[in-house]
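2 protein chains.
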Amino acid sequence: MSPFTLFQKDTILLDHGSGGLASQQLIKNIFLSHLDNPILASLEDSAVIEHNGGNLAFTTDSYVVDPIFFPGGDIGCLSIHGTINDLAMRGARPICLSLGLILEEGFAIEDLEKIIISIARASKETGVPVIAGDTKVVPKGKGDKIFINTSGIGTVPPDLDIASRRAQPGDIVLVSGTIADHGATILIKRNSFSLEGDFVSDTMPLHGMVTELTATCGNDIHTLRDPTRGGVATTLCEIAETAGVKITVDEEALPIKPCISVACELLGIDPLYLANEGKCLVLVAEPAAEKALQLMRSRPEGKNAAIIGKVTAGSKGRVELRTAAGGTRLVTPLTGEPLPRIC
Amino acid sequence: MSPFTLFQKDTILLDHGSGGLASQQLIKNIFLSHLDNPILASLEDSAVIEHNGGNLAFTTDSYVVDPIFFPGGDIGCLSIHGTINDLAMRGARPICLSLGLILEEGFAIEDLEKIIISIARASKETGVPVIAGDTKVVPKGKGDKIFINTSGIGTVPPDLDIASRRAQPGDIVLVSGTIADHGATILIKRNSFSLEGDFVSDTMPLHGMVTELTATCGNDIHTLRDPTRGGVATTLCEIAETAGVKITVDEEALPIKPCISVACELLGIDPLYLANEGKCLVLVAEPAAEKALQLMRSRPEGKNAAIIGKVTAGSKGRVELRTAAGGTRLVTPLTGEPLPRIC
Chain E
1133 MSPFTLFQKD TILLDHGSGG LASQQLIKNI FLSHLDNPIL ASLEDSAVIE HNGGNLAFTT
1193 DSYVVDPIFF PGGDIGCLSI HGTINDLAMR GARPICLSLG LILEEGFAIE DLEKIIISIA
1253 RASKETGVPV IAGDTKVVPK GKGDKIFINT SGIGTVPPDL DIASRRAQPG DIVLVSGTIA
1313 DHGATILIKR NSFSLEGDFV SDTMPLHGMV TELTATCGND IHTLRDPTRG GVATTLCEIA
1373 ETAGVKITVD EEALPIKPCI SVACELLGID PLYLANEGKC LVLVAEPAAE KALQLMRSRP
1433 EGKNAAIIGK VTAGSKGRVE LRTAAGGTRL VTPLTGEPLP RIC
Chain D
1133 MSPFTLFQKD TILLDHGSGG LASQQLIKNI FLSHLDNPIL ASLEDSAVIE HNGGNLAFTT
1193 DSYVVDPIFF PGGDIGCLSI HGTINDLAMR GARPICLSLG LILEEGFAIE DLEKIIISIA
1253 RASKETGVPV IAGDTKVVPK GKGDKIFINT SGIGTVPPDL DIASRRAQPG DIVLVSGTIA
1313 DHGATILIKR NSFSLEGDFV SDTMPLHGMV TELTATCGND IHTLRDPTRG GVATTLCEIA
1373 ETAGVKITVD EEALPIKPCI SVACELLGID PLYLANEGKC LVLVAEPAAE KALQLMRSRP
1433 EGKNAAIIGK VTAGSKGRVE LRTAAGGTRL VTPLTGEPLP RIC
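For the protein sequence lines, the chains are E and D, in the order given. With the working numbering applied, the first sequence covers 1133 to 1475. With the working numbering applied, the second sequence covers 1133 to 1475.
None of these hints come from the bench; they were simulated from the model. As the structure is a prediction and not an experimental result, all values here were calculated from the model. Just so you know, even glycine gets a beta-carbon here, dropped at the ideal spot from N, CA and C. Accuracy of the hints is not assured; some may be wrong.
As the list claims (entries may be wrong) - Not the full set, but computed from the structure, chain D residues with beta-carbon under 7 Å of chain E:
1) GLY1186
2) VAL1196
3) LEU1235
4) ILE1439
Claimed, not checked - Chain D residues, not near chain E, derived (Cβ > 12 Å throughout):
5) ASN1323
6) PHE1325
7) ILE1401
8) SER1430
Isolated chain E (complex conformation) (with noise of 0.2 Å):
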């Protein structure tokens, strides 16, 4: 996509959803030049304020996820894991989150019941509770069924500071499981492709993992990035791009389940660019790799993590993929959008 597109249509695409570069040109173009603040400008999962002494990590998130129920979860649960996980991507402790509903006249109000049981199972198990909500009808026709808008508020521990921005040459870039499980589970279940195989989506909170890691290396975590929408390519992109340096990734390195690897092949799908619901990017200075890498594996969120790249200085911004062939291969952000309403 040329970087003009945005200019010639004057109207909303899918792709301004899909977390790629047309979504990034909107906030850029339309919304940072308009409600510009150096907070929001960071574009980090979560937005990290001084208060009474503290920090204090704040994020929002609306799913639109289609269909609402899908192997491994549904829209109600993906939407508490969701936004627990952009607040653990900053090292914050979840404390609390707001539940806000659009409905569509006719949806069935049993649906609706199954996702609110799934929701405080969810809010439950995290041990964060739901403690604000609002809830809109709009008629049949303009909505799809349920759009959920989470947001949520965790705090900082003291002189933690995980961000984009802190990823730094000799850093180790890890992941903590199989990528690509949820994009495909979707993929698969709305076009009902009838592939053999463990399609599930890997929607799972990772706020315990998180909590232990920065527990055990501190500061020594450079950057967590949980990559949803545009997948892992896109956000080592976007983590290049914001602190500068080059990332390299090793495709055989890539844990990946073999039942999607074969679907994203049949399917042509770069797994690189499927959004993930409870995975996240470690990167981390290289002599705490090894100890974040086995505390990862001993606990079920990370037990497939696996080092995957580096990061050097070279190339600002660059994100190349050494592929199992020998070749390399530039890594580019996300453009069109093969797969709207993933989360």
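Starting from the known structure of chain E, fit chain D onto it as the hints suggest.
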């Protein structure tokens, strides 16, 4: 509507988003039965939690108003004012907001930018920055132009405790200005009624006035509520029920613009049930009432403030209107949805 209506129908109705009786039933039967915790169950305009030795207020609201541009404002500034006001209703000083957008494919980017400019202006004027954001896009026909969620955090001054449960016999009830302006304006604009008069939404931030009010009167201010969906009638019913008190309102004391009064009469709509987006109800200890009234009247937000009623001990949960004709009428929460998507 019978209290059993919710269970006779198995799908979401517009009425469930009205802020009236059906909304309350949905909240109690579906949300609170699964998500119960004392903070959520208090159903105040904001949740208040202790944090780091102080109190934080937290609130969320989704905005689905139709039309998105209306006399006096648009969905953008409304989404900033509304959430700031929800924080102010607990006496909190708003400190930051999040902004979650759900855009419909095909929405004009020019209109999006107008709304973002309006949000930026409201944020600047109120001094409350938007520090976190999220944008999703849904396919054409699965949304309606733009839905906005804003969530907000505020600081509650030490020892200040403003809540519906604090309303008590002897309290004086004030309203900060003319009622029904927003609801009537949206109704007229949406239906293109050609009525003469100064129909303009009252969308306005109230935190400045509330800060002064609470700084001067402290905990003599017992309850603050902004009567949005469901209007003054429904909000007073909620307060009366929560606090277990009776509230009596003097119809002749209700400030209302003549054109709004005439329009409501012509359209057969009771202004007590129409939404306000820049007004608050203030329940204050009798000795402080006159001071509160004068303070409100000294500010632009409260220039038409008036004493409209009082709280007594009899008939808990009951709201009565002393009519202009000298009679007494029972005021009940909104049933049915006369005006969907008012905010």
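Now for the hints, and whether the structure bears them out:
Nearest Cβ of chain E to the Cβ of GLY1186 of chain D: about 5 Å, under the 7 Å cut. The hint holds. Proximity of VAL1196 of chain D to chain E holds as hinted, the smallest CB-CB distance being about 5 Å (cut-off 7 Å). Of the supplied interface hints, the one on LEU1235 of chain D holds, with its beta-carbon coming within about 5 Å of a beta-carbon of chain E, less than 7 Å. Because the smallest distance between the Cβ of ILE1439 of chain D and any Cβ of chain E comes to about 31 Å, over 7 Å, the interface hint for this residue is violated.
Against the 12 Å criterion, ASN1323 of chain D stays outside the reach of chain E, whose nearest CB is about 15 Å from its own CB. Residue-level check passed: PHE1325 of chain D sits 20 Å from the nearest beta carbon of chain E, beyond 12 Å. Against the 12 Å criterion, ILE1401 of chain D stays outside the reach of chain E, whose nearest CB is about 19 Å from its own CB. The Cβ of SER1430 of chain D lies farther than 12 Å from every Cβ of chain E, with a closest approach of about 31 Å, so its non-interface assignment holds.
This entry does not satisfy hint 4, going by the numbered hints stated previously; all others are met.
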